Structure formats: structure tokens, C-alpha cells
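Enquirer: Sequence:
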Amino acid sequence: MEATVVCIDNSEFSRNGDYSPSRFQAQADAVNLLAGAKTQHHPENTVGIMTMAGKTPTVLVTPTSDLGKVLQAVQNMKIDGTVHMSTAVQIAQLALKHRENKNQRQRIVVFIGSPIVEEKDALVKIAKKLKKNNVAVDIVSFGCEEENKDKLEAFQAAVNSGDNSHLVSVPAGTILSDMLFATPIFMEEGGTDTGGGAAAAPQPNIVDGFDYSQLGVDPTLDPELALALRISMEEERARVEAAAAEGNEPKEGEDKAAAVEEEPKEENEVEAMDEDTLLQQALALSMQGGGGEAPQEMDKEEGAAVDEDVEVDDPELALALQMSMGDQQQPPSSSKDDDEKKKDKKEEDA
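Following numbering that gives the first Met the number 0, the numbering of the sequence shown begins with 0 at its first residue and continues without gaps.
Hints in this document: simulated from the structure, not taken from any laboratory.
Incorrect hints may have been included.
Said to hold, decoys possible - Pair by pair, the computed Cβ-Cβ distance ranges are:
(1) GLN89 x VAL239: 53 to 61 angstroms
(2) ILE230 x ASP120: 52 to 60 angstroms
(3) ALA237 x THR276: 54 to 62 angstroms
(4) GLU245 x ASP177: 44 to 52 angstroms
(5) GLY161 x GLY80: 34 to 42 angstroms
(6) ALA243 x PRO20: 50 to 58 angstroms
(7) THR173 x ASN75: 24 to 32 angstroms
(8) HIS97 x LYS77: 21 to 29 angstroms
(9) LEU93 x PRO20: 30 to 38 angstroms
(10) THR173 x ASN100: 34 to 42 angstroms
Computed from a prediction, not measured in an experiment: that's the story for all the values here.
Where a beta carbon is used, it is the ideal one built from N, C-alpha and C, also for glycine.
Between the sequences and the hints, there should be enough to build the whole structure, so can you do that?
Expert: Here it is, written out as C-alpha cells:
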């Protein structure tokens, strides 16, 4: 993890248009890209912003992990005066000295696009002091590369310790941010400088253990889009894995549910069969007329057996059967027999 302070050249020279659209705007785009790369590389990385021109160099944002504050500070910068590189670098060192997390490495990134007024010896002296305090310095020279070459090379040689500091020169007519993207300034400490700002091999787009190359997006150029795509991809992957896990689970629950559903179904079928049998028996009894004592006795026995079953299953049906049996026990009498009885009675009276 690392704390970085970016020093921006906001002098009058930054109005020049030899870098599209201007030196000032080209710096702003490159700084936004650099801040995004630093904060995305490690969650505890912090970035601060300061200007080097005007009446005095000014710290706009102390080292913070809030990328929004950094972008807002870059947007609010104004062009004014001339550059004071030595003063700006020493103020940046003080800002790093008071960083919250003392475990962070210290780094200063200087964008210089105007002539340096300080002498080489003064710059070398400051560089040795920074080296003693374990502060690494990366320098981006553009616009006045040839004029500042000797001073910047001497400064970089004095501050460099274990190849932790780099000097990159960007020629006019190029896009500053694109030229810087593949340089050691945008890479981890320990990357090799090929000298003179030559491009090094770009690193894979791996941030926080996630390879963004599979999404086809650069997290340093558009971190919000990259994060949204990453979340969407992880949610889809989790959904697919959950669906696969559910498909491989044994269907014991389904078998139990099917068995529970079959049991009531069988009971209902038995009850329906019992009711049909009883109805058929009742219909047979009602169809029998006076077929003799034996059939009646048999019907009584069957009726008694049926009554016992019916009392358990359906009381109303049992009552109907009992009434039907009572009617059958009384033998039907014909009108002819009644007339003969009346005639015999009259003869006796006479």
C-alpha cells in the first residue's frame, strides 16, 4: 500500500496546445487516470493533489482513498503564475509525513510542463533529503523536455533508491495519458524503467484479485463501469452455481410428498367402494318382496351386518336401511283377504 501526492503544473505554460487539447487538460486527464489506478490497485492506497504554480504551491486534497474528492480537486484547479518545483516537492513531503497510515510507502508524482527556474544543485540537495526519508519520486516531463532534461535527470538519479523512482519524457503531439499508461509510473514499485520514457509491457488488468480483461474493460479508465460489470458477473456466476447445486440434490422430499399424497387417495377409494357396496345391498333389499321366511331371515342377518357397518360409516344411510327392513318384515295384505274376513264375521254374528 502506498500514499501518493501528485504535483500538477498549473502555470501559464500549461495553456499551450501542443498536447491535445492543452497541456493543462492533458495533465488533468492523466492525473484522473493515475488516481484511479492507484486507488484500485489496493484498498488502502491514498492519493493527494497539489498545484505547483501561483503565489505558492497549494495542497488541494491531502492523501485520501476517496477518488471523488481527487477528481473534484482536479476539476477546480486554475491556471496561474510560474512553477516552484523545489517548494512544491518539500510541501508534498510534509503532506506525506502526516499521513494517517504510517505503514504506507511514500511517493510523489511530479508533472512538469514548463521551464524549471531552480538550479541543479538545489534540486539534487532536495532529492537526497527525500531519499533519506524514504520518499520515491516519479517525474513526468512534457512540453519542455529538452530544456529540463539535465536538471530532471540529476534529480532522479539523486532520489532513486532501488529503482523506486522514474523519469518519463513524453514528446509533443501525443496523448499524455495514453503514453503514461504502460510506463512504470502506473505500475507497482519495482517495475523497470526502460529509460527515456519508453513503454514497458503492460500488466494484466488484475485489481483486488479480479481479472478485468475477461470483461473487456480497463478499470483504470472507467472504474465505475468496471465495478458494475464485475458485480453483475459475480451475481450471475452465483446464480448459475446455486441452480446447479439444486439440480444435483436428491429428491427425497419429493418422494415423501408423493407417498403422503397417495395414502389419502387410497383411503378415499376404499371409502367410495364401501359406500357403493352398501348402496347395492340396500337396493337389493328394497327390491325383494315377500319371498318367504328364509329370504327374510337371510335379509335380516345381512341387514344387521350391514347396519353395523353403516353405523360406523354413515348414520343416515343406516337409518334408511333400518326403515326399509321394517317394511319388509310386515307381510303385505291383499284386499281379497280383508273381504273374506269381514264376511266370516257377519256370518258368526248372524
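Enquirer: Against the structure, test the hints numbered earlier, and report the numbers of the ones violated in rising order.
Expert: none
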